[in-house]
Amino acid sequence: MRRVRAMNSTADLLKCEDLTKKFGKDTALDNISFSLDPGHIVGLLGPNGAGKTTLIKMAAGLLTPTSGAILIDGDAPGVYSKGIVSYLPERTYLNESMTPDQTIKFFSDFYEDFDPERAGEMMESLNVNRTKPVKNLSKGTKEKLQLILVMSRKARLYLLDEPIGGVDPAARDYILNTILQNYEEDATVIISTHLIADVEQILDEVLFLQDGKLILQESVDTIREERGLSVDETFREVFRC
Amino acid sequence: MMYLAFAACCLLTNLFLGTLSTTGSAAEIINGILLLIDFALFVAIIVLTVVVCIERFYKNCYGPEGYLTFTLPVKPWQILLSKTLSSALLIICTLAVICGGVLLAVPFNTWNSIDMSDMVAAFEQGLQAVGAGNAAGLALNILGAVARNLFVTILAIYLAISIGQLFHDHKVALSFVFFFVIQSVIGLLTSLLFAGTMNMSDILSTYQQSVDSLDSLIGMINTFIGLQSLWMMAIAAAMFFGTDYIMRKHLNLE
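Residue numbers (this note's numbering), protein chains in the order written: chain A, 1 to 241; chain B, 242 to 495.
Treat the hints with caution; some may be incorrect.
Stated by the list, open to error - Looking from chain B toward chain A, a few residues come up when the C-beta cut is under 7 Å (computed):
(1) Pro305
(2) Cys340
(3) Met357
(4) Asp359
(5) Phe419
What the hints assert, rightly or not - Below, a sample of chain A positions facing chain B; criterion: calculated Cβ distance under 10 Å:
(6) Ser35
(7) Pro38
(8) His40
(9) Thr64
(10) Phe110
Treat the hints as calculated values from the structure; they're not laboratory data. None of these values were measured; they are calculated from a predicted model. Just so you know, even glycine gets a beta-carbon here, dropped at the ideal spot from N, CA and C.
The shape of chain A in the complex, shown without the other chains (with noise of 0.2 Å):
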């Protein structure tokens, strides 16, 4: 039987607590606790192995923590938070051998909140061909079509794991834009990338993460008013080698 459960606008949507994962004798996150309130889009930012896409698999629920929990409006990973998480990995995840209007319908299958009218019109506008098997589409191509399927949810929190690293610089307004516009408003959208400059004018908070653990979150327009540098200013100021 399906759960039925009252969604709280105003509680926590994604809470960490004393959050820690190991994989062996590697600490990839080390005891981190934040929260994150709905309705924003949050940059989660941080050198090559500081733990960005572990932390967004653990609430995606494709990791289990080691130590602390995870939870996701109230809720460990798990059916409940599956519906309502739309989660976009660094790497091709579709099954390669369905077509683009295939995936459409898979995800209509198993998501109650995917609109496949909304995902058919961005296949429309960004040339991605929907009769074409996935395993002969372009690198840039998947990543434009996975984000497609991911934006067409009207999730309530959205992982996106570098959505724009693998696509060239005038796809990467169109796809910025498709997420300002298709993220409900109560909605909250984590941006992992190295990218700043180009994800910094959509961001309203960031997570700095280094070895694993949090070492800043705060507002964008805090780091404006208080420091007076933009986001990628910071983040050079703060990761300086």
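Please arrange chain B on chain A, whose structure you already have, making use of the hints.
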């Protein structure tokens, strides 16, 4: 494609054996080659089926597609059940194709020469001797035994792959190791459990010594197969929930 190649080769064997002279040395060589190809395709189909079952599960659950599979709003046991049933269906299709191919390879004129009325009469005679109820029970029991062995093997593969992915390195190699460990443990436990109770040789010796009724023999065989089926179903359930537990509590898609 492999199914079609096997069927085509079986049909070719049928046509060659049925229409051409098979007495010449060249014909014998061609016959031999065709039968060899049939056998090679037969082995290839079985190996391919097993590889496809393993690859589909690994790729769908612990490979790149796992990122989608495990972010679907469904419970892990539902994913596991769907994978188990689809593998079972694939194996059943393969068995059906193999049986069909073997029948197809027999020349049509050979079928014509078989007196079906003799076979039907022999079947009816056997059925009368055993009893219709006994025969049906035995047939169901044997079918059940085949089915539970099928599911136990599939679930042993899935559990081994799931245990393998718990490790940071050498996941595939460790999956193979754990498959053989699981099979050994099942074999050992089954031997220990049934060694003290009954086995097939006991049944036959009991029958030869004192039981002169076919009913009793079939009853004992049914009891033996039934007990083993219950035991194997318990093992299948343990492996199913073990894999489900790993997927729920220890998923690590690195």
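Checked hints:
| no. | hint | verdict |
| --- | --- | --- |
| 1 | Pro305 | 5 Å, holds |
| 2 | Cys340 | 28 Å, violated |
| 3 | Met357 | 45 Å, violated |
| 4 | Asp359 | 50 Å, violated |
| 5 | Phe419 | 19 Å, violated |
| 6 | Ser35 | 22 Å, violated |
| 7 | Pro38 | 19 Å, violated |
| 8 | His40 | 22 Å, violated |
| 9 | Thr64 | 6 Å, holds |
| 10 | Phe110 | 5 Å, holds |
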